[in-house]
Amino acid sequence: MLRYLYADELARHPRLRKSTFSDRADQFHSRLGWDVSVNQDGLEFDAYDAMNPLYVIWQKPDGLHGGSMRFLPTTGETMVNDHFSDLTDGVHIASPFIWECTRFCLARDAAPNVSAALMLGGLEVGLGQHLSHAVGVFDARMVRIYRLLGWPPTILGTKGAGREATSVGLWSFAPELRAPLLRKSGLSEAISRHWYARAFGLREPLAATA
Amino acid sequence: MSGTLEPSIERIHRAETLEDLNGEILALREAFEVEHLVYHSVNSTGEQYAALTYSDEWVDQYLTEDYARIDPVVQGCYRRFHPVDWKNLNWSGKAAREFMGRAQDAGVGNQGFSVPIRGPSGQFALFTVSHQCNDDEWAKYTETRTRDLILMSHFVNQKALEIERGTDITSLQSLSPREKDTLTMLAVGYSRAQAAESLSISEHTLRVYIESARFKLGAMNTTHALARALSMGLLVV
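Going down the list, the protein sequences come from chains W and H.
Okay, so the first sequence: first residue is 0 according to numbering that gives the first Met the number 0, each after it adds one.
Okay, so the second sequence: first residue is 0 according to numbering that gives the first Met the number 0, each after it adds one.
Since the hints were derived computationally from the structure, they do not count as laboratory data.
It is possible that some hints are incorrect.
[Said to hold, decoys possible] FRET-style restraints, in silico, Cβ to Cβ:
# : chain 1 : residue 1 : chain 2 : residue 2 : range
1 : W       : P13       : H       : S201      : 41 to 47 Å
2 : W       : F44       : H       : R146      : 32 to 38 Å
3 : H       : D59       : W       : R107      : 53 to 59 Å
4 : W       : E163      : H       : R78       : 28 to 34 Å
5 : W       : P13       : H       : S199      : 47 to 53 Å
6 : H       : T16       : W       : A110      : 31 to 37 Å
7 : W       : D45       : H       : A67       : 27 to 33 Å
8 : W       : R162      : H       : G22       : 53 to 59 Å
9 : H       : S199      : W       : R11       : 43 to 49 Å
[To be verified] Chain W stretches covered by chain H per the calculated footprint, using a threshold of three residues with CB under 8 Å from any CB of chain H:
#  : stretch
10 : 90-96
11 : 127-138
[As the list claims (entries may be wrong)] Reference excerpt, derived from the structure (chain W facing chain H, CB under 8 Å, subset only):
#  : residue
12 : Y5
13 : D7
14 : N51
15 : P72
16 : T74
17 : G75
18 : L105
19 : T153
20 : L155
21 : S171
22 : F199
23 : G200
All residues carry an ideal CB built from backbone N, CA and C; glycine is no exception.
Bound-form chain H, shown alone:
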């Protein structure tokens, strides 16, 4: 499943401007096979950036009516950090139900899944997919794609931060010597057990260092992380 996302991730890595990124985010709709996809970021100073596939009419209506006040997705995700299926949000109020009706009229879909992201320095973002299908189909979809959605939401967020903030994000995301040592050993063919032994750390610790490096490198998995680190000239092997 994750394999199908690699071309999208590579294109996101190549984005240099918010316009490039915007195009790649919109293209993710096909990679995730959903009707709509939204990425919305608010930084600590309140600056916002959004890329979304909804119709202009719905976006205008949402802003004019200030639906963020009653939207259960916003209410349920703001300042939180666990992904939510829209089904698990509170739609019981009259205003929320009316809002849902309008959203469905606008083609948002009857199903949705949102990943709240907490970034550095109080940054917050929300990555959402929405779709029209029955509950069983949606349950199958989220069961198989949740991990991919979490991964992708963070790739997009890291790229948006990198473009917006330039160099200060790079220093935050840079690999520590220990992470480079770990990746270097894997790159020269050590097994995890051998690498852990050489570094005098446990395999659990090694796994966490690899996972931290994978995240900072914006990679899908360990192999991809090694390829990215090598191509960026971070490892001396």
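The following block holds chain W by itself, in its conformation from the complex:
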């Protein structure tokens, strides 16, 4: 199921939390070789995890992490503005209607529908929170996957090469993206809205269609 949890809420779910950050260490440190810090318990955290971000997490039936991403508002500190302004034409991207999305991560054993489910969770956040765009930092090779999922970002810039290539891109939010992501994730609209409403309160009736 999709969970929408701020860091202080995730702290109340120790198994989910630990598996989230150990899967991040596995993906970003072991598999991609990014310059990230992994602590002695094998967990990957950065300074932005300490800013109480909002995580969208796919929780597997066994309660552990299957995939996740991290949101922060661009009116405060963000990774893009602090470290990647060379990829945004020097534009400090800031707006209450644009959030930053980083650390898109999949567990090694994640089921094939998890990436679509996570994108669906990201879309629910954007539509539910009146956002126009998300600005993201991601492994450049993910672009192919985002395209297959039917929601490719607009690339602002890429640096590094090979598996260390990192891109900054923009996703725009639109309600018509929901139907294809539901189909690709194998989830119903009712359950997706239910998971969102459980975290943020019900904004739209369950019967409403996309």
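Take the given structure of chain W and dock chain H to it, following the hints.
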């Protein structure tokens, strides 16, 4: 709907002191057609600033009783960044229910909507409107005004930061050359598609640059952003 806010925004832009701003924040109660409105900011060093329309008695009682400990609005918004309808907060505890009763006795209202704001350098602020009406009326109100409330909360916050911090905020909020190029092209009559093509960027990227510039200029929309940028002498056309 947003059109009615422009005079308020212009007056907020003209505020030069916290006293000026305070008056404008209190006047927003009429613009938003609500019984109460609160803006409360805490910066990274713990300094606070607040402007609010609640009665002095309620403010005294709130501080004396240290209601911030149990207030579900504070608990639900502190360190968060998504706007909340008070209905979606957890009022189930006995202390929270008692607090709600006292707040209603003090005329706060039975409905509320709060926008948490995360600003630069760990700054946090909360912008709240509260009102007395039934659930259907409130649902209609929030459905049509949420975007305006988010916009206004940030205008107020940017102004408060500008007054409090002076020049260091200005540099943070200043437009990059690319944002100026974008606005300049729109100001001389290019369409978005033409401007994007001239700058060799996609229209999505252009939209994000415009939105970023709109936010930094404290403008309602693109037209307002262009007017402000021109009047501030930021564009050469």
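We went through each hint and held it up to the structure:
no., hint, in the structure
1, W:P13 x H:S201: 41 to 47 Å, "holds (43 Å)"
2, W:F44 x H:R146: 32 to 38 Å, "holds (34 Å)"
3, H:D59 x W:R107: 53 to 59 Å, "holds (58 Å)"
4, W:E163 x H:R78: 28 to 34 Å, "holds (33 Å)"
5, W:P13 x H:S199: 47 to 53 Å, "holds (49 Å)"
6, H:T16 x W:A110: 31 to 37 Å, "violated (58 Å)"
7, W:D45 x H:A67: 27 to 33 Å, "holds (30 Å)"
8, W:R162 x H:G22: 53 to 59 Å, "holds (57 Å)"
9, H:S199 x W:R11: 43 to 49 Å, "holds (48 Å)"
10, 90-96, "holds (count 7)"
11, 127-138, "holds (count 5)"
12, Y5, "holds (6 Å)"
13, D7, "holds (7 Å)"
14, N51, "holds (4 Å)"
15, P72, "holds (5 Å)"
16, T74, "holds (6 Å)"
17, G75, "holds (4 Å)"
18, L105, "violated (25 Å)"
19, T153, "holds (4 Å)"
20, L155, "holds (6 Å)"
21, S171, "holds (6 Å)"
22, F199, "holds (7 Å)"
23, G200, "holds (3 Å)"
When the structure is compared with the earlier hints, violations turn up for hints 6, 18 and for no others.
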